[in-house]
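Asker: With these hints in hand, go ahead and build the complete structure from the sequences.
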Amino acid sequence: MITTDIKLSKCQIDEIVKICASFNNQSGELINILHKTQGHFGYLPKEVQEVIARQLDIPVSKVYGVVTFYSFFTMKPKGKHPISVCMGTACYVRGAEDVVEELKKQLNIKVGEATPDGKFSLDTLRCVGACGLAPVMTIGEKVYGHVDASKVKEMLDTFE
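Using this note's numbering, you'd call the opening residue of the sequence shown number 1 and step up by one each time.
Any given hint might turn out to be false.
Unchecked claim - Here are the in silico distance ranges between beta carbons for each label pair: (1) P59 - K151: 46 to 54 Å; (2) H146 - I6: 36 to 44 Å; (3) K151 - F41: 31 to 39 Å; (4) F69 - K10: 26 to 34 Å; (5) N108 - S27: 36 to 44 Å; (6) D157 - R54: 39 to 47 Å.
To be verified - Lysine to aspartate or glutamate pairs mimicking DMTMM-like chemistry, simulated, CA-CA at most 20 Å apart: (7) K36 - E47; (8) K104 - D123; (9) K119 - D157; (10) K104 - E154; (11) K110 - D123.
These aren't lab readings, by the way, just hints derived from the structure by calculation. Even glycine gets a Cβ: it sits at the ideal position worked out from N, Cα and C.
Answerer: Written out as structure tokens, the structure is:
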């Protein structure tokens, strides 16, 4: 098995400690702490979760449980341009699966991965709330509606 453990620098650990302290190291603030920490680091690898658990004096399993329960949190780094394809019913029946397959082909990655250059990452989600525009995908904060698999390459080419 290949491990992908990361080593946190003293500066990174100090930043996590500072974030926890800004919420008075209260375990009831775990979601807020995770949100702010992910905003700083971009993701929440197990090493970051361990520091948070230590600071809040709670089990790492509790931190991990929250990170894996909420879809907003991620344990893997996202690309510079994170892509999410809606797989809700309206999007699915209008071709979202074809869009995902084309993205996987064009980016040469699987759902949940990032490109080796860190430019893109690919995920799916349950609902964007724009069913009238189905199929829908987001790239960063921008929502794209009526996405057609045949136009995916053209869309990707507009990003540096």
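Asker: Does the structure break any of the earlier hints, and which numbers would those be?
Answerer: none
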